[in-house]
Amino acid sequence: MLSWETGDINDQRRRIRELEEKVEGLRMSRRILMNILDLLEKTKKEEISRLEAENHRLQKANQKYARMILEKNREILFLQNQLLKTTPQKDNQQPETKAASGTD
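One rule links them: number in this note's numbering = place in the sequence shown (from 1) + 593.
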């Protein structure tokens, strides 16, 4: 074997080792990226679950609040009707007063 052939073979072996190291580095980078992606996906699912639970809780609270407002409105209407029944109507009394006095 000639010395230049030996040099070429050694260069090629060195180049092969470099490429194998790069491939191993890429494999490790890929594993790291896949782990990060899995972690992000898990975090995303947990956040979605938390937000769905919060949304459900807020909807229930909103329904409760709406029922409470509706009940208070009913109470107000009832009290207004009671007030109308118990207080004399001025509009109804005025025509009677005018008719009694004879002035129209």
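Hints are supplied without guarantee of correctness; some may be wrong.
Each pair of labels, with its calculated beta carbon distance range [as the list claims (entries may be wrong)]: (1) Phe671 to His649: 50 to 60 Å; (2) Leu630 to Ile669: 29 to 39 Å; (3) Lys637 to Asn674: 32 to 42 Å; (4) Lys678 to Glu639: 41 to 51 Å; (5) Asp601 to Glu634: 42 to 52 Å; (6) Leu672 to Glu634: 55 to 65 Å; (7) Lys635 to Asn655: 44 to 54 Å; (8) Asp601 to Ile641: 52 to 62 Å; (9) Lys635 to Leu612: 27 to 37 Å; (10) Lys657 to Thr679: 24 to 34 Å; (11) Ile641 to Arg610: 30 to 40 Å; (12) Glu645 to Leu670: 48 to 58 Å; (13) Arg643 to Glu614: 53 to 63 Å.
No lab work stands behind these hints, which were simulated from the structure alone. Note that beta-carbon positions come from the ideal geometry of N, C-alpha and C, so glycine has one too.
Consistency of the hints with the structure:
no.: 1; hint: Phe671 to His649: 50 to 60 Å; in the structure: violated (33 Å)
no.: 2; hint: Leu630 to Ile669: 29 to 39 Å; in the structure: violated (57 Å)
no.: 3; hint: Lys637 to Asn674: 32 to 42 Å; in the structure: violated (55 Å)
no.: 4; hint: Lys678 to Glu639: 41 to 51 Å; in the structure: violated (59 Å)
no.: 5; hint: Asp601 to Glu634: 42 to 52 Å; in the structure: holds (48 Å)
no.: 6; hint: Leu672 to Glu634: 55 to 65 Å; in the structure: holds (57 Å)
no.: 7; hint: Lys635 to Asn655: 44 to 54 Å; in the structure: violated (30 Å)
no.: 8; hint: Asp601 to Ile641: 52 to 62 Å; in the structure: holds (58 Å)
no.: 9; hint: Lys635 to Leu612: 27 to 37 Å; in the structure: holds (35 Å)
no.: 10; hint: Lys657 to Thr679: 24 to 34 Å; in the structure: holds (33 Å)
no.: 11; hint: Ile641 to Arg610: 30 to 40 Å; in the structure: violated (46 Å)
no.: 12; hint: Glu645 to Leu670: 48 to 58 Å; in the structure: violated (37 Å)
no.: 13; hint: Arg643 to Glu614: 53 to 63 Å; in the structure: violated (43 Å)
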